[in-house]
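K.L.:
Residue strings, one per chain:
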Amino acid sequence: QVQLQESGPGLVKPSQTLSLTCTVSGGSISGGDYYWNWFRQPPGKGLEWIGYIYSTGDTSYNPSLKSRATISVDTSKNQFSLNLNSVTAADTAVYFCATGLVWTGFDIWGQGTMLTVSS
Amino acid sequence: DIQMTQSPSSLSASVGDRVTVTCRASQSIGTHLNWYQQKAGKAPNLLIYAASTLQSGVPSRFSGRRSGTDFTLTINSLQPEDFATYYCQQSYTTPWTFGQGTKVEIK
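Protein chains in written order, with the working numbering: chain D, 16 to 134; chain S, -5 to 101.
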C-alpha cells in the first residue's frame, strides 16, 4: 500500500522560497498513470489544488499561483517536491501531497505539513 | 476555472438522520466529481468518485448522485464518526477545484 509523507521547514520568511518534499513508500513513483499532487488548506479554510507532476514528467499548475510554483520528481529517492517562490502570509497553510488516478479520485494523501510564512 | 458551489455551508443533524449535501458545477463536468470527508487535523479521505462510485472500504450509507451539473452526497443513518466536513471536487479539467465545504455538526 502506497503511503505519502510530507516534510518541510515549518517556517519561512516573506519573499523567500518554500520547499516541501513528499516521500513515497510502498510503491514506485515511476510509471503507471498516477498524478502526484500538491494541495493546500489555509487555517480554517477550504482546499486548493496547487499542481501535479504526472508519471511522464508532465506538470500542471493552478494559474492562481501566478507561476510561482514548481513541482519536480527525484526517482532515485522516490520523492516529489514543491517549490513556491516569493511567499507571503497568504501562503500560510497546511500543505498536503496526494496521489491517485484522475478518473477515480485522489485516494492516497499524506498527513499534511503546516507551513507558516512570517518574519 | 470551473466553480463548484456547495450547499449548505454547515448543518446540524442527529445520529440516525439522513443528510444531503449538494454541489453545483458552473459548467458541464460529466461525472468527473469526487467527494471527500475531512476530520479536524486530518487529510481528506476519498468517499465517492465518478459522481456515484463508492470508494473501497467506505460504508454503504454514503451515496452519490448526478443530475446534469448538480451533484448530491447522501448519508443515510448518520453515525457519530460521520461528523466532519465534506468537500466536492471536480476532476474534469485543471485547475481542479473544490466546493467550499459542508460542516456536519451534531445537533
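Just so you know, the hints here were simulated from the structure itself, not pulled from any lab data.
Yeah, the Cβ is synthetic: ideal placement off N, Cα and C, and Gly gets one too.
Please note: incorrect hints may appear among the correct ones.
To be verified - Cut-off 25 Å, straight-line C-alpha distance, at most; resulting in silico cross-link-like pairs (DSS-like, lysine-lysine):
| hint | chain 1 | residue 1 | chain 2 | residue 2 |
| --- | --- | --- | --- | --- |
| 1 | S | K101 | S | K33 |
| 2 | D | K28 | D | K81 |
| 3 | S | K36 | D | K60 |
| 4 | D | K60 | D | K28 |
| 5 | S | K33 | D | K60 |
| 6 | S | K101 | D | K60 |
| 7 | D | K60 | D | K92 |
| 8 | D | K60 | S | K97 |
What the hints assert, rightly or not - Facing chain D, according to a computed beta carbon distance under 7 Å, are these residues of chain S, among others:
| hint | residue |
| --- | --- |
| 9 | L40 |
| 10 | S85 |
| 11 | Y86 |
K.L.:
So which hints don't hold here, by number, going up?
P.N.:
7 and 11
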